[in-house]
Amino acid sequence: MDGLINALYSIPVAGVLFQLAGYLVNVVPDISPLILQAATPIALAALCGVMCERAGVVNIGIEGIMITAAFVGWYSGVLLVPVLGTTAIGPFGMSLALVVALGVALASGVVISALHAWLSISVRADQIISGTIINIAAFGLTGYLNNLIAKTSPNGAGAFTQFRPPREVTDIPVIGWILNMFLNQGPIAMSVIVLVVIFQILLFRSRWGLRSRAVGEHPRAAETVGINVIRVRYRNVLIGGVFAALGGAYLSMEATNSFQQGMTTGRGFIGLAAMIVGRWSPVGAFGAALLFSSSTALGNSIKFSPPSGDLGTILTSLPDQVYDALPYLVTIVILAGVVGRSIPPAADGQPYEREAAT
Amino acid sequence: MTAPSSSGSPGRATPLLAQIWAVIALPLISILLALLVGAFVILASQLVLPGGNLDLLLPLTAYAALFQGAFGNFDALVDTLISTTPLVLGGLSVGLAFKAGLFNIGAQGQFLLGALGAVAAGVALAGAPPLVAITVALAAGILAGAFWGFIPGLLKAVSGAHEVVVTIMLNYIAIAVIAAVVGGPLRQQGRPEAITPDVGNAALPVIIGNDGHAGIALAIVAVAVVAFLLFRTTLGFEIRIVGANPDAARYAGMRPRALTILTMSIAGALAGLAGAVVVLGVTHLMTPSFGTTVGFDSIAVALLGRTNPVGIVAAAFLFGALRAGASLMQIKAGIPVELIDVLQATILLFLVANPVLRRAFRLRGVKAGLETTETITKTYAGEVAPR
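Chains as they are written, first to last, in the numbering used here: chain V, -2 to 355; chain U, 14 to 400.
No lab work stands behind these hints, which were simulated from the structure alone. Treat the hints loosely; a few may be bogus.
What the hints assert, rightly or not - Which stretches of chain V does chain U cover? Using the computed rule of at least three CB atoms under 8 angstroms from a CB of chain U, they are:
1. 139 to 150
2. 259 to 268
3. 323 to 333
Virtual Cβ for every residue (Gly too), placed ideally from N, Cα, C.
Isolated chain V, as found in the complex (with noise of 0.2 angstroms):
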């Protein structure tokens, strides 16, 4: 066997193709619970994308409702844990700050939502304008709250921790790395897997979801049928907002136990890359932040411990930054080759009137 891998490996050219497929076997199931860790915020805001544009609103604005939902949660800790304490109350590393800080957090993203409602929903400005607004205030406010913060360098209230699956589950032939990929997470990564099967269930299974796909396909006909347009679209954006807030507070509150500025690094646009490669579908979203965030993490494993023979010379003369930009890289040329068959909603993006009764 090991024979025969090293005359396939020896191969000129095609041969770093060969090695390249062994490192992934040999790397992917160590590295699995990290490609979940980084699909969590781009899976969160993809699925903030398919409700808001389900229903015919498109949000670009969900990067500004993570970074605002990212610094709420954090400074909520720090002002909580001098009242609240940080005795843990239950598994995860749980404390009652911490749990009351994600609440307001997810309170935060709603907020942030209702501006986006209102102005596209109700204005009827452009949506587009609105998501940038939304974007360019976000960042404004919550770097100029954390450079005055800053100069007191406060505590946190800490972040949610990991649970550890047992040896003999992760340790189980075939399946178990895929075991430890859901499992070996906190709180917030491991709900994302729930919340897209329940959202896929209820989107096509539901009266909600019909309601919903009616509105962001033909507005007008649903109208007529008695479905209140104007309370649909506003509903799923406000949901759509808890949905980026939790992408936003796993940033600051799991990945890590602080805020720095700009942390978001373009995840709640990548988020929108998944929900179109993913066809506007919670599943199909979820799998293309799984792609995006394999490369992540490949790029990451490569960088700190490279492949060995020809592939690993080759990885390794290329400047770390390569890597850095491997995710905006894998999302455009992932997007610009499966787009043209992605359909949206037909009513995407556009503002919807009332007839006026004559």
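Let chain V serve as the given structure and place chain U on it in line with the hints.
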């Protein structure tokens, strides 16, 4: 935006003053309201922070310092002009794309690439005669920016990938490219930190005050060129028609795809020139973390200036003054410069919510805020422009 742009009753000539008021009323009210919101943010943030005492006059102190930093003396005024210059070019870039129904959020990346192109050529020609060095360095910046604009234009035309997502990804890739090139091939030997050599003779000459560089004049020329392109050439006409009504443009025999690629490339070139002007006129070298807020400010400039070249100059001057004054505001009043972003976003917010403002202030006959951007969202995600 579906708000009807109600103009004065037809057939009656409106006096000039009323015409001017119709154009500037909304931006003016938006700016004043934004300053009020900014004051509220300054006051409110004192309450949220631990151990802060409420200083009711802090907003006034901050705005006074802001004004002094922007217009306090001749040097401050030149500083404002220097900050205005890249914003004019960036605003033209975003505004031109808006005219064609495209949203160029990628001005930031194109700006960075333009700066990199200019610094690479400038370093290589640091000893050449100034005229040659400057011309080549500027051209390199323009080309690099145009290339960074060409990519999303091409992808949109060929596959329908929306330029908003692609240009934002390209912004992040541009940061990595800069870090790789400045830390690699362009790195100055014998320095502990990664930094490029000086551009030497490729530096733009100073024409006003101590450091008012020739880029200021270049920006004025660019405004004239873009205005001429848009309103006096066939290409400009086609760009405006494609933006206003892609179907009509196609039936009239224009090619929306080719125009998309061309417009994004020109927009990239303008943002690239902005980057070139900043490195050749101000910094004269580059660090791996080189970056400003120019690209993002440009979006606000283009929107506030109603995507019109003259309006863009006025808006760029306002934001240039805010940026120039911000550092004095930070020193004197302890207000972080990010307040400027908050002001910017608030100004845009009021412009976008213009139907509400017009009702509140009873502005009849005043033009809507952002009528030229109506088409942006319609082209979102996956809609392939007709051939």
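The hints, checked one at a time:
1. Counting residues of the region 139 to 150 of chain V whose CB lies closer than 8 angstroms to any CB of chain U gives 7, so the stated coverage by that chain holds, three being the minimum.
2. Coverage of the region 259 to 268 of chain V by chain U holds. Counting CB-CB distances below 8 angstroms, 4 residues qualify, and the rule asks for three or more.
3. Counting residues of the region 323 to 333 of chain V whose beta-carbon sits less than 8 angstroms from any beta-carbon of chain U gives 6, enough to reach three: the coverage restraint holds.
Of the hints listed earlier, there is not a single one the structure fails to meet.
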